[in-house]
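Hey, can you piece these two chains together into the complex? The hints should help.
Residue strings, one per chain:
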Amino acid sequence: MRFDYHTRYAQGFALLRHTRDRVGYGLLLAVLLAAPLVLSNYLLGELAYILILCIAAMGLMVLTGFTGQVSLGHAAFVAIGAYGHAWMLAQGVPFLLALPLAGVLAGLAGLVVGIPAIRVHGLYLAMVTLAFSIVVEQVIGLWRGVTGGFMGLPVETARVWGASLGSPTPFYYLCLAVAVLVLLALANLLRSGIGRAFAGVRDSEAAAYALGIGVARVKVGAFALSAGVTGLAGALMAHHLGYLTPDAFTLLLSLDLVLMVVIGGLGSLRGAILGAILISLLPKLVTFLKGFLPEAASRQFGLEIFVAGLVLALFVLFEPRGLNGRWLKLRALIETFPLYRRDTFRRQKSYMKTERNR
Amino acid sequence: MTDSLALFLQVTVNGIAIGSIYALVALGIVLIYKATEVLNFAHGDLLVLSAFSAWALIAFAGLPFWLVLPLVAAGVAALAYGMDALIVRRIAGQPAFAGVMLTIALAFMLRGLVSMGFGTEAQTYPTPWSGQSLRLGGAAVSELSVVILAVVLVVTAGLWLFFTRTRLGVAMQAASQNQLAAYLNGVKVKRLNSLVWALAGATAAIAGVFMAPVSLVDTSLWLVTLKALAAIVLGGFGSLPGAFVGGLLIGLIEQYAGVYLPHGFKDIAAYLVLIAVLILRPRGLFGEAHGRRV
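Residue numbers (the numbering used here), protein chains in the order written: chain R, 1 to 358; chain D, 1 to 294.
Only chain D is shown next, with the shape it has when bound in the complex (with noise of 0.2 Å):
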């Protein structure tokens, strides 16, 4: 009885480390999405670069893990912002197809920047927590995962804070409600949506330096951009404490569908969920009630 309660309990525990992450990258997408209406489907190769760029920094410039990550950060989140000032606003009042075609097409030309760049084989670097792990109550847990949870809860607290407390915060809600009103008001409405495609670089670029040593540098590491969708989509589409929620429940579905369901569901779980909430509940569990979304 014991045994399968520990069990229980440190499933748990990799369950909510892995949906941190998911949670983090899904904040990214959900940011841009509520400010832009674009799905961007280049986040999870923004994340691949600054995991790449993080590798790159420790392993031969040898500077220092907390040197690297505000580095990263605002590499690409300068990169982010050209992305947007200089290529997506282009398509603005297009339909959401045609953003979504072209965010794949800067994901290709990432992704193939990316192995022109850094090569394709899978690499890894250190951090000051690797290979430590604390006792929780009969569950093992790295620190790491410790880490990448607290950063994720910081991140989600500054956030919140930044969008109800500040000037800018509160503009770039009132651009993502309602663009003209806003212009109107004499908020900036092309440099805050840069600005806010900045913000998601960012966490694009701290979720992939903290994701890179659970798993591997490689450029496969796109592909958590489908889990997140899916943590979007249950949470309900363009609502941020939806994603962060839904990222946390994917990880937790995904890590018991592994142990209690048959062998080859965790790796079909999160998109289940996906396909399950779209039909049977399509704005998700915080998605706003009014009027038929996209």
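So here's chain R without its partners, still in its complex pose (with noise of 0.2 Å):
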């Protein structure tokens, strides 16, 4: 067991508490800073789309996780980070206003979702950005003169001060250095008094009304701030492509980032990390399995989704906590060595829950 022992006022609030966990997010932070040292350009290329996954999860996290509201089609904002960021390079603003400004852009369209959803939650939510998503994809394909259309739209390569962020190296620096500022900046905010109001509405609509949240109005903030992150992502998603097509943000990317909360566990942004972590790895996992696998099996499409669906499935029926759940189950082991009981993390059941007449 560890017992806490403050001295100071500022121990308390610190986000790292432990000197433990100081020295190893200051490990993982050397290890992340030094690697264009030792990786390829391919892999370094690899590393920076999973750091942007991990904003673009980290943004639906503050939604679904700690407000619980329910999305399943944040495609459509990281489309609109993407092409507004595209958009505004090819009007010629600067890199580092237009990235910004594609967030903001997002965050708007998030507003614009968010209304809708002061009346309607649960599964109806669902199904509104559903939706949405499906009908910005084909606005995407139909709107020529600012998108593209189908035939697609190039990106210019980032510019900062006359420095071109084209090559492996600076864009993974870029993509871990807004990656670490969302994480900080989102990391603050959830404990904050707005993060504890997203919580009070995940847990009790009528309890956090009753505590004077107003409830319709941080449901709105949080669609925008999700959205403005996951925009953010698409900013840097649209650099990673190169050439935008509405193919990319297609409804299965909005599953993907949904499968990355869930399987990372939903409440936790560590979870959205490792979420998008192991999400994006499943592919690489998959092609590395094929070759144990009988000549007939391995050749096969379809693999690949078979296992998305198998690791969902396995994580809503074994682990709902998800990744973030095992780590706290494997620190508590750790911490308590020979004193764990399992059911420190027993979760009521609870029968004959309706939501159907909330």
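The hints are simulated quantities; they were obtained by calculation from the structure and are not laboratory data.
Please read all numbers here as calculations on a predicted model, not as lab measurements.
Keep in mind that the hints are not guaranteed to be accurate.
Claimed, not checked - Which stretches of chain R does chain D cover? Using the computed rule of at least three CB atoms under 8 Å from a CB of chain D, they are:
no., stretch
1, 119 to 126
2, 130 to 138
3, 255 to 265
4, 303 to 309
5, 314 to 320
The C-beta atom is built at its ideal place from N, Cα and C for all residues, glycine as well.
Below, the structure written as structure tokens:
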């Protein structure tokens, strides 16, 4: 067991409270900073892509994990961020201005979608966002003047003060910087009053309302924030892809993002990151596994989606708290080694709970 | 003038033909939702599985169409029963979101298995009515569309009779209204829920077997689930007659949008309707007025 003994107030609200955490995260950051020295350009590109997905998953986590609003259409905000960014670059807006503006643009779109969220929730909201993302995909395909339609839109190379960010190493550092900034901003926001209001709305709207939280405002705000962060990821994604077509932002991307937050564990930023890493590595893992399968099974298309479904099903059934929950259990096991009790993490099972007449 | 009238008639007929398939898919989803409060995203993949199985049985085994239909329906019904009894039942009592995620996972697995088992190429198979059409007051109607509409009407009528006239159907209604009360009256709720899944699986199989010759046998057939969701929302969530009428309306709206609205509206008309209904009148056309639902 570990008992906290605080001698200064600052220790009470440090993000990393223990020396071990500080050393661990410091080492992780050092490894990430040193990665370009070791990795090949291809692997560096993949790592940058994983970082971009981490940002997008953190955006969705704010909405689904912390505010309890389900969105099955977050690919729409990735698309809006990506196209907005590419369009602004083409109009001559400097990169450092276009990147946050793309996030703001996606945030405004999130505001528009968030307003219906006041009226509908639960499954209905999931369907509204699903329909919205399909509509956005079609509109992008048809609005040739701005988006290039199905022909696609080339993305200009990012330039900061004349220096190109096109090659893998600077782009990787850019993604890392944005990911760390987003993580710090969200981690701090979620433990502020706003973050508590999010969790309050998630756990009980009636109780939150009774405590003086403007439920409608919080919901719309969470939507805008989540969409904005996701749009930021979209802007980086535009550079990763280099050439934007509507096929890159289909329902499949939305579902991948949902998979990341659910498998990672709802209600934790660490979960969003772990989930994003797992889901983006899954196709590679499947390709690797194919080597060990019989010839007939390894040639088949569809194994990848089957494995993704299987992993999701196993997590929903056996570990509803996701990778983060698994990590917390493992840590508790190590810290309390001989005294670990499984019931610490037991979930109370509720039968007969209907959401029909809430 | 007559030209535009003929066009209108033709479009209406097409809309009803497509809408009846949406209606059948929507019915299957609503059945499961009413019984177990799980929104089944795997429904479309059951449909894909039935279409591919029917293709394999007709094209390779050479079985006649009328034998294939009950075979596939029985097989998919058994699969759906198993899906509920072994997997979906475990998350009873958890939030609706868990059900959505689990059925999406099942949908992924089914889709993966289908593309591993049958390949990813689009296929087609003949039916007794392929390529023949009737004239109906100036509109050309393919016989297959008429048969589909008839089948959908028969299935709907059969479901209605089943739910109002048989012990099992009434027990299912009771269980969907109040599980505990039904259980205390001796209804085997768990088994009934699995049977509802089987019933919904059978409707998915019928929809799949009849839909495949109209479009193609392809894994993208599952997208019909999304259209069916629009139909369910339009009709009022959890209402069986609503799902039927909603399906027909979505089919009609889509066809009219394709002809009378600018290019591109046809593909998104159903989703625009879904968004508009949810924002303006969340209980849909036939939704129950009491309480706030979902």
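For each hint, the structure was consulted:
1. 119 to 126: With 7 residues close enough to chain D, the hint holds.
2. 130 to 138: This one holds; 6 residues, not fewer than the three required, reach chain D with a Cβ under 8 Å.
3. 255 to 265: It holds, with 3 qualifying residues against the three required.
4. 303 to 309: Coverage by chain D holds for the stretch 303 to 309 of chain R (7 residues, Cβ < 8 Å).
5. 314 to 320: Holds, because 3 residues of the stretch 314 to 320 of chain R bring their Cβ atoms closer than 8 Å to Cβ atoms of chain D.
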